[in-house]
Amino acid sequence: MFLRNYWYVCAWSHEIVRKIMPRRILDEPIILYRTEGGAAVALADMCCHRQLPLSFGTLVGDTVQCGYHGFTYDASGQCVRIPGQSQVPANARVRRYPLVERWGFAWVWMGDPAHADESKIPRAHWMSEPGWTAVGDLLPLACRSDLIRDNLLDLSHVTFVHQATIGTTMVAETPVVTEPGEASVRVVRAMKDIEPPPMFVRMGGFTGRVDRWQIIDWTPPANIVIEAKALPTGTNDWSKGVITEVINFITPETPHSCHYFWAQARNFATENMGLSKVLHADVTRTFLEDKDIVEAQETRMRQFPDFETVDARFDSGVAHCRRIVKRLMAEEAAARHA
Amino acid sequence: MFLRNYWYVCAWSHEIVRKIMPRRILDEPIILYRTEGGAAVALADMCCHRQLPLSFGTLVGDTVQCGYHGFTYDASGQCVRIPGQSQVPANARVRRYPLVERWGFAWVWMGDPAHADESKIPRAHWMSEPGWTAVGDLLPLACRSDLIRDNLLDLSHVTFVHQATIGTTMVAETPVVTEPGEASVRVVRAMKDIEPPPMFVRMGGFTGRVDRWQIIDWTPPANIVIEAKALPTGTNDWSKGVITEVINFITPETPHSCHYFWAQARNFATENMGLSKVLHADVTRTFLEDKDIVEAQETRMRQFPDFETVDARFDSGVAHCRRIVKRLMAEEAAARHA
Amino acid sequence: MFLRNYWYVCAWSHEIVRKIMPRRILDEPIILYRTEGGAAVALADMCCHRQLPLSFGTLVGDTVQCGYHGFTYDASGQCVRIPGQSQVPANARVRRYPLVERWGFAWVWMGDPAHADESKIPRAHWMSEPGWTAVGDLLPLACRSDLIRDNLLDLSHVTFVHQATIGTTMVAETPVVTEPGEASVRVVRAMKDIEPPPMFVRMGGFTGRVDRWQIIDWTPPANIVIEAKALPTGTNDWSKGVITEVINFITPETPHSCHYFWAQARNFATENMGLSKVLHADVTRTFLEDKDIVEAQETRMRQFPDFETVDARFDSGVAHCRRIVKRLMAEEAAARHA
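So the sequences go chain by chain: A, B and C.
For the record, in the first sequence the residue sitting at position 159 is 159 according to this note's numbering, with numbers rising by one throughout.
For the record, in the second sequence the residue sitting at position 104 is 1104 according to this note's numbering, with numbers rising by one throughout.
For the record, in the third sequence the residue sitting at position 260 is 2260 according to this note's numbering, with numbers rising by one throughout.
So that you can see chain A by itself, here it is in the shape it has in the complex (with noise of 0.2 Å):
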């Protein structure tokens, strides 16, 4: 049902703290927590002994103490103390997912640890990157993830959507350029002398037409990186365009749901925490509009999932996104069973 043997964001760093959170990834239902020493761990949400959320325990020191009997966990899911007796038998334990924090982000591997390989987290290097400044958020989506993921692969849709924010009629009229990689896929939308949509007015305090781009990079599971930017057009001086990179990592909640993790960096205005402010905003708003959209095609998919839908041209990324996938998920299942 997922793909397992990648890193997923499991939450921002900054959610992780001397308390026990829990949340749902790939229907798995863990906690989350910060040692004395400051690393992020993340467990099973599940004692051994009677399979109460180890969420309703307590923190003492690095170990997690289940709210019910006592049963005590170190940060490597090891039960290490259990009341009324001096032994602690060995399968007392919990599962511990690898977790490593970069770019502002916690990234939890749900699959074989063994695979465990940090060299394969996705870059987002302008979360901490010099002369780079960000916004971002965690929106929950009652949807299958796969929707939010062909919602950025397609961003015809933006025209429909978000007339109010980043629409205008030209995107889904401009075509786009489609190059798909082994395990990835770049789409590519250039838009030449348009109307600049009313965020890019805001952000860049364009007078007059724009050259525009969109240039979309996905790779598995669900990482979408968008370059969004423009400049005036007849100008080939970036100085006077603004660039944005608008990161995303989609982590399934359950079958049916998604936690949506966002951020949009840019390199102009760094210091300008007003227009911080203004940005989240008109990201949130435009990000709520999807999810509308995404929900309700949640619901129809739900009652109709064998309707074979009909794919327009712009929809070459979606098309070549869903067939990677289908092959990864594939690979996976054999693995399993050799």
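Simulated from the structure, these hints should not be mistaken for laboratory data.
Errors might be hidden in some of the hints.
[What the hints assert, rightly or not] Derived pair list, reagent style DSS-like, types lysine-lysine, alpha-carbon separation capped at 27 Å:
hint : chain 1 : residue 1 : chain 2 : residue 2
1    : A       : K19       : C       : K2291
2    : B       : K1019     : A       : K291
3    : A       : K326      : A       : K291
4    : A       : K291      : A       : K277
Assemble the complex: chain A is given as a structure, and chains B and C must be docked to it using the hints.
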């Protein structure tokens, strides 16, 4: 599960305006709207591109533009525009349902369009006939449509459920005469020299005893017209009596809910708007009492679907109706397989 | 799914009055009412005619009149009247469940009536014995009944869950002695020379250390009596101590919810109504803490029904109880098939 080759009321005509309205009929989501020329249209409420409900879209002239990527459909269900491309594939379309307006109702055909014969629309001529007036409404019920059908076919329940409006002891105690047809059922109950129930007093101003009749006509799938009338006992003078036609069209919404369209037509005091208000309130109150009953039945039937019920003598109409529906269902199933 | 040939508490006796009360027992809907002569009656909550819950009906003398078409049942469940006809078919009846009142509880027999032997009703004599008084209540729990049974059979949890009332560290640290019977389990925990927990201070006015006992007796299906007592360490004088009998009768409502009937009987300060109020509040608070726990367990057990739990040493009573229940379930299943 449902009889399909029938006309079902999907809306009151006045509900269908220049705005997209969603409604679920036989568990299929549809949209209803009116063209600039005034024609009522019923289409499937799901874009063929990404399954978004078209009720999230916009009416543009006589076409419906999907709210996601702008696929645009004409009133026949054919997609006539896909942004960013000049050609539209022939299979880009949504189902159109035949729709006819008559007697103030909009009738939709959920079966094979080839058999959508308008002459099969049930008669409800009192809705528009000179000398008659009517009140009516739509009541949503959280029960399978059979339950309100059975309710109306066996009015002995009014004695126990509707004391405040149309129930008196004599209803349940008076035997009925059932006249079974090939694809229809008539149930007649003649109550002579009885106390009139409260609503009839309000309608007819009776001060003494009355003769009262209930003549129930069912035709498939779930059309029931009840001629409910009374006049002073001992007179044969209908100018001193009241005649009402209670029109009931029941349309399944899901397997466990239905749309109950009702109207009460009368041929007296037709200009009396005050009486119309009172009667609308009286009938609504009466049917809300039924709603409690049938929805409670539904919960038991879902837990005990195979429970063998015990019929009473006054169930002859219900029993005959069920046999006919069973036969018609079998005939439709056979025709589908052939 | 449930043990059936047992007496289950379906209500407090005082809940059953001259009014129809619905309650679900072992997933069967029943009604409870009291006849004019004072006898408590349990019938199936579904009319045999159209499956309407009889709890929508009316008590007429000792009979129940259905709220839909007036089928009327006597206290044996036999239909004695159908409006509009003089004869009532013999199969027009609803199930009557044997019901006995004892110790202030109403006990219903959900199995084969031929085996409804009153002598098998569990003892709770403290509820009515001179020199004793009791507080008690009904707590609805959204979990399978096993979970609150296991909770009561292993009181080591009070250390972690009930610090405000009956929990101290020593409970979980003191080993138990389990005395398994053929169809019973006793678990004894003797805690010598310990700090008394808050509720015991409130009951006994202890100023120093105490000896404290928990003696838990389980019998099937889910009857648990806990003798919880304490007296000042070093004395053997029970006139300075307190003895309570905590009576727990747990009745499945559905596979995933139960009725938890509890009482706390005491043999001291029996006239002190103020203390009774305090104890009712203390025990309620304590059991509401359990409610949070067991309902959270239930959600995990529904998602992970086959999870293999790890037992602790203090689980010997729980383990033995489960083995007995498993054997009794198998015996009932075998008897049904024979």
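Practice item. Compare the distance between the alpha carbons of K19/A and K2291/C with 27 Å, and conclude whether the hinted pair is satisfied. Key: Holds. K19/A to K2291/C sits at ~23 Å (cutoff 27 Å).
Review point. Between K326/A and K291/A, is the straight-line Cα distance small enough, at 27 Å or below?
Key: Since the Cα atoms of K326/A and K291/A sit roughly 25 Å apart, the hinted pair holds (cutoff 27 Å).
Review point. Are K291/A and K277/A close enough, with their CA atoms no more than 27 Å apart?
Key: holds, 21 Å
Exercise for review: Take the C-alpha atoms of K1019/B and K291/A, compute the straight-line distance between them, and say whether it is at most 27 Å.
Suggested key: holds, 23 Å
Of the numbered hints stated above, none is contradicted by the structure.
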